[in-house]
Amino acid sequence: MASVKLDNIQKIYPNGFKAIHGVDVDVKDGEFLVLVGPSGCGKSTLLRMIAGLETVSGGELKIGDKIVNDLEPSKRDIAMVFQNYALYPHMTVYNNMAYGLKIMGLSKSEIDERVKNVAGILELTDEQLTRKPRQLSGGQRQRVAMGRAIVRKPSVFLFDEPLSNLDAKLRVQMRVEIKRLQASLGITSVYVTHDQVEAMTLGHRLMVLNEGVVEQLGTPIELYERPASLFVAEFIGSPSMNIMDAKIGAEGSSVDITKDISIAITSDKLSSYAGKGVKLGVRPEHLEFAEGDENALPLTVTLVEHLGADTLVHGHFGDDKTDMTVRRSGILKAVPGDQLPISITRNHIHLFDTNTSRRIDL
Amino acid sequence: MLKRVHFGPSALPYLLVLPQILVTVIFFMWPASQALYQSLLVEDPFGLSSKFVWFENFEDLFADPLYWGSFQRTFFFSFLVASLSMGSALLLAVMADRVVKGSGLYRTLLIWPYAVAPAAAGALWFFMFNPTLGILPYILQFMGYDWNHKVNGNEAMALVIFAAAWKQIAYNFLFFLAGLHSIPKSLIEAAAIDGAGPARRFVSIVFPLLSPTTFFLLVINVVYAFFETFGIVDAITSGGPANSTQILVYKVYNDGFVGLDLGGSAAQSVILMGIVIGLTVIQFKFVEKKVSYND
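Chains as they are written, first to last, in the numbering used here: chain A, 1 to 362; chain B, 1 to 295.
To be clear, the hints were calculated from the coordinates, so they are not data collected in a lab.
In this text, a Cβ means the ideal position worked out from N, Cα and C, and glycines have one as well.
Just so you know, not all the hints are guaranteed correct.
[Unchecked claim] Stretch by stretch, here's where chain B covers chain A in the computed footprint (C-beta under 8 Å, at least three residues):
1) 75-83
2) 88-102
[Claimed, not checked] Simulated pairs of lysine to any residue, SDA-like, Cα-Cα distance not exceeding 20 Å:
3) A/Lys132 / B/Arg201
4) A/Lys279 / A/Thr258
5) A/Lys102 / A/Glu113
6) A/Lys247 / A/Thr356
7) B/Lys289 / A/Asn95
8) A/Lys102 / B/Ala199
9) A/Lys102 / B/Gly197
10) A/Lys116 / A/Glu127
11) A/Lys102 / B/Ile188
Isolated chain A, as found in the complex:
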């Protein structure tokens, strides 16, 4: 068990490209931190730096009380689960798990006990232990990769998109299993994914990265309820947040969406934005149909998607045909071409500065 502390960690490649622009985070003992962001945002690089597979160009990296910047991966007391599992193809499942233990110099009986124990936790049968990785299904390989990490009893687990090679159903199943395992073992974990659903469901805290910069660090609920930037707002939540141009009224007490429709806001924070343009965000699930409300947006439906439990209505409004998605629970009978009145409530809006893309707190 150990904490992982990143202090102004940077990665600069020899060609001068700066992949990580100074990341600070303190992963507490037993915490599950998820690094999330689009591909190329630097999340895997950051994880590989923690693992010791990439050099640290600047800053201080601590695992427990030890500065590990220049330590070999094997000296950091970590275990890693790779995206392609990286199982040794020529070894049996048993030997895959025992490999690290043999190098540690444990006795045969102790190795056997540990491997059998972990196989039991992961529900791998004795027969499966004698097989080669290629004879296993994707889900089983995933389990073996996890087993190889667990069996070493590391103080930190690192996961590099471990579920991205699985099909949708298995992914949900393994996600639950990883969460349960991490909770029961209580091992500090850092998990990299580009999938925001995985990030939201697994992490105690999430770190959203974009082009090597931390956009926001917080609990899933914090990120969902108070996204710190436009990027986070659009990245977290599915379908993603509707973003539209709006203008703050001359008195700073209203947000004007179109010439006729505006939302009244009583906040002194907006006075400096009076008369200026802002970005207005509202989540699809927070939009409501408001029959007879004259302050409602007239949405022209272009596409309807039935998910069963929910219905997604895509459409546009206004002269510049701003796109908007509405999510309602249940089955909604609407067809392209319909006009639906949509109301936006004061409590559910997010405002962002047009220039800095940062959140404007109300």
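Once you've looked at the hints, dock chain B against the given chain A.
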């Protein structure tokens, strides 16, 4: 699911394989059958008449201590050529794999020896080690060693082994390098995290994963050492001194075209063919079991 694509009857596929079949028949099957037939004949010294003698040529061969000597020599030679050239090629490939800058140049240079014809390679080594004009005997002399492979059979053997192995290193290097490239990087990283140092990673991960390449090269190198080293031996030692470098393939030539014992020579080439077929079968049957192929 259908395992094969089915086409209607057409002459086209037969036409397309015809050139390959013709080449095989004309340049392999026909000469091989000629050798088989020849091996059962005895010709008179002037080549005017021949007599069918059944297996007499083979009986003579097996009774000839010189032939058994050549037999042993060939196995010794092949074993050393294959292990020396594969060993050095593997070492070079592992090193080249670690080179980041200028790896293209490095690789190109290492591949060049393969483009040298066997006779030219032989001539090169012949001059380098020539006891009277060669640079290396000259250097060795300063170190107090008197090199003369024209007199010393062991030195002559060492020389042809080195030359033959050197010639094959480039080829082996190319395959080992490709093999190394095909090992996923994450496997090496996983082993590093598991605590294995570079040497241990090589022994327990890299080398086993290279085994398909190693096995392929073993077959190729053994065949090379048996058959294709003729040019090198001929250019450097011509089988001497006192037959000490007369490997089987050289003896086939020497007895047939120099000694004009065509029947005996044909019998030797039949045996040689049998040995290589046998060795390849053994390699596929026993060595291949130790090979682990990836998915």
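Verification of the hints:
no.	hint	verdict
1	75-83	holds (count 5)
2	88-102	holds (count 5)
3	A/Lys132 / B/Arg201	holds, 19 Å
4	A/Lys279 / A/Thr258	holds, 13 Å
5	A/Lys102 / A/Glu113	holds, 13 Å
6	A/Lys247 / A/Thr356	holds, 16 Å
7	B/Lys289 / A/Asn95	holds, 19 Å
8	A/Lys102 / B/Ala199	holds, 15 Å
9	A/Lys102 / B/Gly197	holds, 13 Å
10	A/Lys116 / A/Glu127	holds, 12 Å
11	A/Lys102 / B/Ile188	holds, 17 Å
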